[in-house]
Amino acid sequence: SAVISQKPSRDICQRGTSLTIQCQVDSQVTMMFWYRQQPGQSLTLIATANQGSEATYESGFVIDKFPISRPNLTFSTLTVSNMSPEDSSIYLCSVGSRGGNTEAFFGQGTRLTVV
Amino acid sequence: GENVEQHPSTLSVQEGDSAVIKCTYSDSASNYFPWYKQELGKRPQLIIDIRSNVGEKKDQRIAVTLNKTAKHFSLHITETQPEDSAVYFCAASTPSGSGGGADGLTFGKGTHLIIQP
Chain X
-19 SAVISQKPSR
-9 DICQRGTSLT
1 IQCQVDSQVT
11 MMFWYRQQPG
21 QSLTLIATAN
31 QGSEATYESG
41 FVIDKFPISR
51 PNLTFSTLTV
61 SNMSPEDSSI
71 YLCSVGSRGG
81 NTEAFFGQGT
91 RLTVV
Chain D
579 GENVEQHPST
589 LSVQEGDSAV
599 IKCTYSDSAS
609 NYFPWYKQEL
619 GKRPQLIIDI
629 RSNVGEKKDQ
639 RIAVTLNKTA
649 KHFSLHITET
659 QPEDSAVYFC
669 AASTPSGSGG
679 GADGLTFGKG
689 THLIIQP
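Which chain is which? The protein sequence lines are X and D, in order. FYI, the numbering for the first sequence is -19 to 95, going by my numbering. FYI, the numbering for the second sequence is 579 to 695, going by my numbering.
Wrong hints could be hidden among the right ones.
[What the hints assert, rightly or not] With a cut-off of at most 30 Å between alpha-carbon atoms, the simulated BS3-like pairs for lysine-lysine come out as follows:
hint : chain 1 : residue 1 : chain 2 : residue 2
1    : D       : 636       : X       : 45
2    : D       : 635       : X       : -13
3    : D       : 646       : X       : -13
4    : D       : 636       : D       : 600
[Said to hold, decoys possible] Simulated restraints, written as ranges between beta carbons of each label pair:
hint : chain 1 : residue 1 : chain 2 : residue 2 : range
5    : D       : 594       : X       : 38        : 37 to 43 Å
6    : D       : 638       : X       : -3        : 34 to 40 Å
7    : X       : -3        : D       : 596       : 45 to 51 Å
8    : X       : 61        : D       : 632       : 39 to 45 Å
9    : X       : 59        : D       : 624       : 26 to 32 Å
10   : D       : 596       : X       : 53        : 49 to 55 Å
11   : D       : 661       : X       : 83        : 33 to 39 Å
12   : X       : 53        : D       : 639       : 42 to 48 Å
Bear in mind the hints are in silico, worked out from the structure with no lab data behind them. Here the structure is a predicted model, which means the values were calculated and not measured. Note that the Cβ used here is the ideal one computed from N, Cα and C, for glycine as well.
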């Protein structure tokens, strides 16, 4: 299985600021995904990070709020912009590959608290 | 889009007994169904998965069954142990319209499994 490293592991941020979360994988993967897990809740897909093209966002999530970069096949970033307390969540990246429904593994997550 | 329902939300069983968690999905095109175990403060860990061309899969004390016609799948844990206590999530993946593949997962709401000593 791929080894996925996320950073930061946690942060406390002031409202109105932005935070960029990094996800690094130890091998090339076709697809990377970003999820949000609100306190005590399940996981919700934010977007698919596509290498060489714009990210694909799920309903309820927009690029202006959650810009994503995917410069190569091992790295992606998610920015949480203009944060409010409602953005306090765990953000997780995940990897998979197109064409085979390979297993989806998760990074350790970034615990974000907005004050 | 896909919708995944998971039951029960909380399940308490005696150590050594079996536990069953059930999920239903709405999109008949979904073809990949993983199960995750999440301990407090940790990332979800993949414990078993099944693809739509298979009806059952087993790995030691854990098994998953899939009924494509009824669009439901279940997790079975036998001989439960205290370390099985955690939150379990089912998920479903629907291939994208551009030709299939591991697209993002839709998760159930989770089951808090409690193993009573």
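Residue 636 (chain D) and residue 600 (chain D) were given as a pair; does the straight-line alpha-carbon distance stay at or below 30 Å? holds (16 Å)
Is the straight-line distance between the alpha-carbon of residue 646 (chain D) and that of residue -13 (chain X) 30 Å or less? Cα-Cα ~39 Å, so violated.
CB of residue 53 (chain X) to CB of residue 639 (chain D), is that within 42 to 48 Å? violated (36 Å)
Should the hint that residue 59 (chain X) and residue 624 (chain D) are 26 to 32 Å apart at their CB atoms be regarded as holding? Since residue 59 (chain X) and residue 624 (chain D) have Cβ atoms about 27 Å apart, the given range 26 to 32 Å holds.
Is the hinted range of 34 to 40 Å satisfied by the C-beta distance from residue 638 (chain D) to residue -3 (chain X)? violated (47 Å)
Evaluate the given range 33 to 39 Å for the C-beta pair formed by residue 661 (chain D) and residue 83 (chain X). 22 Å Cβ-Cβ, so the 33 to 39 Å window is violated.
Regarding residue -3 (chain X) and residue 596 (chain D), is the given constraint of 45 to 51 Å on their beta-carbon distance met? holds (49 Å)
So the hint says 37 to 43 Å: do the beta-carbon atoms of residue 594 (chain D) and residue 38 (chain X) match that? Once the Cβ atoms are compared, 41 Å apart, the range 37 to 43 Å for residue 38 (chain X) and residue 594 (chain D) holds.
At the C-beta level, are residue 596 (chain D) and residue 53 (chain X) separated by a distance inside 49 to 55 Å? violated (42 Å)
Is the gap between the beta carbons of residue 61 (chain X) and residue 632 (chain D) within 39 to 45 Å? holds (42 Å)
Please verify whether residue 635 (chain D) and residue -13 (chain X) have alpha carbons no more than 30 Å apart. Measuring from Cα to Cα gives roughly 35 Å; hence the hint is violated.
What's the verdict on residue 636 (chain D) and residue 45 (chain X), does the C-alpha distance respect the 30 Å limit or exceed it? Not satisfied, since the Cα-Cα distance of roughly 42 Å exceeds 30 Å.
Consistency with the previously given hints fails for numbers 1, 2, 3, 6, 10, 11 and 12, ordered from lowest to highest.
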